[in-house]
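Q: Given chain F's structure and the hints, the job is docking chain D onto it.
Sequences listed follow chains F and D, in order. To convert, note that position 132 of the first sequence is 131 in numbering that gives the first Met the number 0; the numbers rise steadily by one, no gaps. To convert, note that position 264 of the second sequence is 263 in numbering that gives the first Met the number 0; the numbers rise steadily by one, no gaps.
These are computed hints drawn from the structure, not numbers from a lab. Note that the Cβ used here is the ideal one computed from N, Cα and C, for glycine as well. Any given hint could be a false lead.
Covered, in the sense of this in silico footprint (three residues per stretch, anywhere, with C-beta under 8 angstroms from a C-beta of chain D), are these stretches of chain F [to be verified]:
1) 7-15
2) 18-31
3) 39-45
4) 95-108
5) 111-122
Protein chains: 2
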Amino acid sequence: MDLSTYLKYNQTLVDDALKDCLPSKETRPESLHEAMHYCVLNGGKRIRPILCIAAAEAFCIPAKQALPPAVAVELYHCSTLVHDDLPCMDDDDLRRGKPTCHVIFGPANAVLTGDALMIQAFQLLAENGNSALSLELAKSAGSLGVIAGQMEDLAAENKAPSAELVEFIHMNKTAILIRAAVRMGAIVGRADPTELASLSAFGEKIGLAFQIADDVLDETSTDDILGKPAGSDLEQHKLTYPAVHGMVEAKAKVKELTREAIAALSPLSRNTETLHAIADHLMNRKY
Amino acid sequence: MDLSTYLKYNQTLVDDALKDCLPSKETRPESLHEAMHYCVLNGGKRIRPILCIAAAEAFCIPAKQALPPAVAVELYHCSTLVHDDLPCMDDDDLRRGKPTCHVIFGPANAVLTGDALMIQAFQLLAENGNSALSLELAKSAGSLGVIAGQMEDLAAENKAPSAELVEFIHMNKTAILIRAAVRMGAIVGRADPTELASLSAFGEKIGLAFQIADDVLDETSTDDILGKPAGSDLEQHKLTYPAVHGMVEAKAKVKELTREAIAALSPLSRNTETLHAIADHLMNRKY
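Next comes chain F alone, as it looks inside the complex (with noise of 0.2 angstroms):
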């Protein structure tokens, strides 16, 4: 198979999973269903899902097998982008080409489809009865992880540009929970703790990556093609990668990163290629 074919194949995959893991838009309340459907199922890359997955599979374990924590790192996702949208952070109106959360449905009603995803997230895992995967989604998540990641963020906003205080950001903000998808996948594929290490250090290193590539196409691309306003870190006065390194070291060292991940690879005896693949894939990405 390839890759674009294993992406759209898994995509469904988990689309189809995420659709099946929330409450009915009949359920009430209907408009809390109804909202949180509209921000999950939203044609949404499923990167960090698909990650999850291809770890797991270096392993031998099936897709399906890694879908719980596939899901739920990907819920978690979902609420961490209706909150960072809202009008008190970053007060954006559009998302994937569509208008945001509290757009459609209201602030308090966005606030509210945020925690219930994120409780979901949870309540997914918790039903999959293994806590080690619990462990790993609520500590990236947590005030030392995505939440830290997203504080720093929002106090940055026109502070002077720092190396320091970027890598904290990126680090917080994206590559901790990409490396939490990579290592749930592991965890389910029950890696030791020599492989989980190898694993953990490919998908830090491939969400530092990430994140700079984003910053460097929201200055790059249109807003076509990203779904949302290009530019809008510069108009936020988001502190970015480019902002304090410039543009050509910023496409430097997504290069260099995925160079390092693909490394970290290689001490493991397992097949490694689609992960391989997804690396190359994120670093050449135009959206």
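A: Below, chain D alone, put in the same frame as chain F:
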């Protein structure tokens, strides 16, 4: 030990455990961790965790062993208060006599603080390793539980009083989480299904009584005693039990539900004296 000593003793136990489970205020991002401490260590009565402990004790489990679920329920409860108070939600400036989170830290940080507390609750349960407890909290907290209640509560403002709607809101917004607290104590105590059913009924009834008593006190008490503006339900056009059924009926309902709660304990061959005493105490509380 008399009840007020018992409550005080366990309040301290819970407060210490809450403090222990939060990253220190010196941990980066400092303002996030400061906000988490501020919103959690606020002199709360700790009714939910104490009910969890008392339920576990009925099964001869020492309080200390019930602390992880007890503390997790309280963390989750605190997270809902932070989000409820937001300007785009109930827009409350005062809680327990102190400025609310968003007044001190701003709305964006308040959104993130609530998120972080929610995740911390699930992290604590994951560290404890009993998925049944995580599942109980997630199901009670999510879009078919507390969030459903908050959603309908917001939507009900300015709507015509309806007995069905006020019961849906009270059940979901309040009773389900109090029931979860009791059930989690019973789960730690390895209650059998019949015992769990009895304690579920107990938790649900006192939860409903608790919320009706809250509605009554909001109309009949003073700012000083409540630590927040009395009459705020009326001012915010909230749908309350007295608004639907009248004050006399509301007060009678609190007593009736408490009687039913205590009756639900009677089939248990366990020492439920403390649970009984807490139910009476909640019925007679003045704040």
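Q: Among all the numbered hints in the text so far, which are the ones the structure does not match?
A: 1 and 3
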